[in-house]
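Residue numbers (our numbering), protein chains in the order written: chain A, 111 to 225; chain B, 2 to 116.
Don't read these hints as lab results, they were simulated from the structure. Owing to the predicted nature of the structure, the values given are computational and were not obtained by experimental measurement. Warning: the hint list may mix true and false statements.
[Said to hold, decoys possible] Computed Cβ-Cβ distance ranges for the label pairs, DEER-style: (1) A:Ala191 / B:Asn85: 16 to 26 Å; (2) B:Lys14 / A:Pro150: 25 to 35 Å; (3) A:Pro151 / B:Leu42: 28 to 38 Å; (4) B:Glu80 / A:Gln167: 40 to 50 Å; (5) A:Arg220 / B:Phe97: 30 to 40 Å; (6) A:Lys126 / B:Tyr51: 43 to 53 Å; (7) A:Thr119 / B:Thr87: 17 to 27 Å.
All C-beta atoms, glycine included, are put in the ideal place defined by N, C-alpha and C.
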Amino acid sequence: AQKVTQAQTEISVVEKEDVTLDCVYETRDTTYYLFWYKQPPSGELVFLIRRNSFDEQNEISGRYSWNFQKSTSSFNFTITASQVVDSAVYFCALSETSGNTPLVFGKGTRLSVIA
Amino acid sequence: DVKVTQSSRYLVKRTGEKVFLECVQDMDHENMFWYRQDPGLGLRLIYFSYDVKMKEKGDIPEGYSVSREKKERFSLILESASTNQTSMYLCASTPFLSTAAYEQYFGPGTRLTVT
Numbered sequence: 111a112q113k114v115t116q117a118q119t120e121i122s123v124v125e126k127e128d129v130t131l132d133c134v135y136e137t138r139d140t141t142y143y144l145f146w147y148k149q150p151p152s153g154e155l156v157f158l159i160r161r162n163s164f165d166e167q168n169e170i171s172g173r174y175s176w177n178f179q180k181s182t183s184s185f186n187f188t189i190t191a192s193q194v195v196d197s198a199v200y201f202c203a204l205s206e207t208s209g210n211t212p213l214v215f216g217k218g219t220r221l222s223v224i225a
Numbered sequence: 002d003v004k005v006t007q008s009s010r011y012l013v014k015r016t017g018e019k020v021f022l023e024c025v026q027d028m029d030h031e032n033m034f035w036y037r038q039d040p041g042l043g044l045r046l047i048y049f050s051y052d053v054k055m056k057e058k059g060d061i062p063e064g065y066s067v068s069r070e071k072k073e074r075f076s077l078i079l080e081s082a083s084t085n086q087t088s089m090y091l092c093a094s095t096p097f098l099s100t101a102a103y104e105q106y107f108g109p110g111t112r113l114t115v116t
């Protein structure tokens, strides 16, 4: 069975600090996809990144970066120089290859960035 | 831009009422999903649909039913609302890809309160 664990329930940082959100997954599939979503206070989930299991290159997008390590089944998300607008709940999710398979979500990490 | 809309942002219903939550997407996506989100529990899948008139149970289908008469519309029905169905309900859609998993596009959510 697939499972996604986000062990950090809540994190609080001061603005401009770097912060890493952890995501550990379990799957028996050799081909799978991992996702990160952001849910700001408005409530709508915003897609951030999709990564397939064959692409272990780290990705950087502005202040956001993702570290995918198959050896430890982790897909961690780092925000550099955090800002108040980064305050949100962040979800990690996992999907099998087929487009008909629903995502399995972690329970989310609430990030608060204090000015 | 993909647009997923939900009929109401906030809804208050009484115990025992029949409740309809509507979701419409404008990108001709095959797959549609209903989740509920509760504090500390993350997103849990209620039902999903691969195509018109098709439906599959998710992790927590009890007390809910769904209807998909048209490709763009996916309705969630609470046959007899109960207080434990007070929650945030999120609808999502995604295109079908036989060899890959695509990100899901989410609506803004409906916060339902059952009194």
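To see whether the hints hold, each was checked on the structure:
1. A:Ala191 / B:Asn85: 16 to 26 Å: violated (42 Å)
2. B:Lys14 / A:Pro150: 25 to 35 Å: holds (27 Å)
3. A:Pro151 / B:Leu42: 28 to 38 Å: violated (19 Å)
4. B:Glu80 / A:Gln167: 40 to 50 Å: holds (48 Å)
5. A:Arg220 / B:Phe97: 30 to 40 Å: Hint holds: Cβ distance 33 Å, inside 30 to 40 Å.
6. A:Lys126 / B:Tyr51: 43 to 53 Å: Given a distance of about 46 Å, which is inside 43 to 53 Å, the answer is holds.
7. A:Thr119 / B:Thr87: 17 to 27 Å: holds (21 Å)
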